[in-house]
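Enquirer: So the chains spell out like this:
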Amino acid sequence: MTLERNVLLAFLAAAALLPALVTDQYLLHLGVVALFYAILATSLNLVVGYVGEFSLGHTAFLGAGAYTAALLSTHLGLPMWATIPLAGLISAVFGFGIGAITLRLQGPYFVIVTLSFAEVLRIVANNWIAVTNGPMGLAGIDQFGITNKGTFFYIVLGLTAVALYLAFRFVHSNAGRAAVAVRENRYVAQSIGVDPFGTAMQAFVLGAFLAGLAGGFYAHYISFVGPEVFRFPFMVTMIIMVLLGGKGTLLGPIAGAVIVTLLEEYLREMQELRLTLFGLIVMAVVLFLPNGLMGFIAQRREQQGTKPAPRAATKERTV
Amino acid sequence: MSAPTGTSPLLRADTLCMNFGGIMAVKDFSFHIDAGETVGLIGPNGAGKTTCFNMLTGFYSPSNGRVLFKGQDITNRKPHAIARLGLVRSFQKTNVMKRLTVFENVLTGHYMAGRQSLLATFFPGEKVRRAEREARESAAEIVETMGLSHRMNAPANLLSCGELRLLEVAVALAAKPSLLMLDEPAAGLNSHEATTFGAVLKTLVGRSIDALLIVEHNMELVMSVSDRIVVLNFGRKLAEGKPGEILENREVAEAYLGKAAA
Chain A
267 MTLERNVLLA
277 FLAAAALLPA
287 LVTDQYLLHL
297 GVVALFYAIL
307 ATSLNLVVGY
317 VGEFSLGHTA
327 FLGAGAYTAA
337 LLSTHLGLPM
347 WATIPLAGLI
357 SAVFGFGIGA
367 ITLRLQGPYF
377 VIVTLSFAEV
387 LRIVANNWIA
397 VTNGPMGLAG
407 IDQFGITNKG
417 TFFYIVLGLT
427 AVALYLAFRF
437 VHSNAGRAAV
447 AVRENRYVAQ
457 SIGVDPFGTA
467 MQAFVLGAFL
477 AGLAGGFYAH
487 YISFVGPEVF
497 RFPFMVTMII
507 MVLLGGKGTL
517 LGPIAGAVIV
527 TLLEEYLREM
537 QELRLTLFGL
547 IVMAVVLFLP
557 NGLMGFIAQR
567 REQQGTKPAP
577 RAATKERTV
Chain B
207 MSAPTGTSPL
217 LRADTLCMNF
227 GGIMAVKDFS
237 FHIDAGETVG
247 LIGPNGAGKT
257 TCFNMLTGFY
267 SPSNGRVLFK
277 GQDITNRKPH
287 AIARLGLVRS
297 FQKTNVMKRL
307 TVFENVLTGH
317 YMAGRQSLLA
327 TFFPGEKVRR
337 AEREARESAA
347 EIVETMGLSH
357 RMNAPANLLS
367 CGELRLLEVA
377 VALAAKPSLL
387 MLDEPAAGLN
397 SHEATTFGAV
407 LKTLVGRSID
417 ALLIVEHNME
427 LVMSVSDRIV
437 VLNFGRKLAE
447 GKPGEILENR
457 EVAEAYLGKA
467 AA
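Line order of the protein sequences matches chains A and B.
In case it helps, my numbering puts the first sequence at residues 267 to 585.
In case it helps, my numbering puts the second sequence at residues 207 to 468.
Treat each hint with caution, since some may be false.
[What the hints assert, rightly or not] The calculated SDA-like cross-link candidates involving lysine to any residue, where the alpha carbons are at most 20 Å apart (straight line), are: (1) B/K284 / A/Q291; (2) B/K382 / A/Y453; (3) B/K299 / A/R452.
I should point out that these hints are in silico values taken from the structure, not numbers from a laboratory.
Computed from a predicted model, the values in this text were never measured in an experiment.
Make the full structure from the sequences, and use the hints.
Expert: Right, dumping it as structure tokens:
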């Protein structure tokens, strides 16, 4: 827990130094994208890694946030410091509504129904032309004259810090332990007084809130929001990040976000082959690193007997 | 862990029935547990013991009858709501959180003591921090009482069968129950382990919990820890009494061994 917190802080500190060392706008853009995905992967991980249910509809919250920020900015002219938090809140409301229905389901049923919610929202965004401008999307979202990527980098870094703080607090709280209990053993969880539905809802709404923040930032950064934000490719990217990094850990999704962002960028030349490669990566991860990079590292540390013990106690590996 | 007021029993079940699509798993089962008691629930396989457990703890809704706990009707309440009143159970098959360590398992068991608002989760004040510290101290203490200190940081899936049984009880105790219900806690233990386990169980009532209900097939264990035994057979109560009386009971012997042998 302490080690985890220190690594997270070190990551944020190192990231804060990046714009001072790098002035290349393209590299800063990659940094912005990596952090944007780090928020998304962290939020998805709350559902996949801690509630233990596989959501394929997380783009619903990304999109809800992006559209909220876009609409508030273009119609009401609200500034970014207001639109992004509001995007998170509206998205959390969506999370509450969708969670109230989907969290009663488990396993494949949950997967399918969450997926269909994202798809329904995409169709609404595509057809409710009066509000969303349909397939044309909402363009020209105010960027408040920010032209330097470094400024955007600091904004998204601030959001990442908020996301990691909230996720860290949740995971290491009584409520986070309850979520893990539900994931590990639903019956035991109930017998110690955990309400599986209520606990899952907390994690789900928090995940939706964070994804909404990321969506709000996306709207201003790209300056355009269209129905594509609800599309499946976003979802696939998030899943790969969480699985590759290690679900159920806080560091995993961040590592996954950075690695996949860079891979996506440098494999760009391969075009369509890129997606095939990602498919292979997912298969390899599932087969060889079922707990992701972080799971692998934890396992290695354990084998070397250097895993930091939360309390002074003997370490045994006899079966 | 307050004792029930007056002379009303801690837990009372009235004419509980459970139908599974025409099969009467339990029929008109009535019984009670007083504070300070250890009650053993025994019976041949398929007698309906686990079904009773599930009805008492909200995992099944009885087809008929009602359950009173500390004077409150808990008949159709949800399992977690019943647990919050102080009735905590274990499960027949080994049921712990296998990927967590022994300490983490027991710490998780403290959930009810540390329930807090979402706001307090994100911005923990002194109260939350103290509750967290207390939960950690209590968890370490419970692990020690159950004799698992040397396994404190071992993942649960590396424990031996006997250690797992102790861990199950430890997780349940962490929830600070008033009434603890254990479903075949000694299954799979060898006789030495069962004796140790029985000794641990005997220390619980009056110290950590108000009363204990135990379903068990190990007769030696259940007879030695229980103050009173209830025998179920084919979903009905066959007999009830002190361990000595039950051992003498002709009908009980027939239920277990068949008529000729009795």
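Enquirer: State for each hint whether it applies.
Expert: Now the hints, each set against the structure:
1. B/K284 / A/Q291: The hint is violated at about 56 Å.
2. B/K382 / A/Y453: 17 Å, holds
3. B/K299 / A/R452: Roughly 14 Å separates the two Cα atoms, so the pair holds.
In summary, the structure is inconsistent with hint 1 from the numbered list given earlier, while agreeing with all the others.
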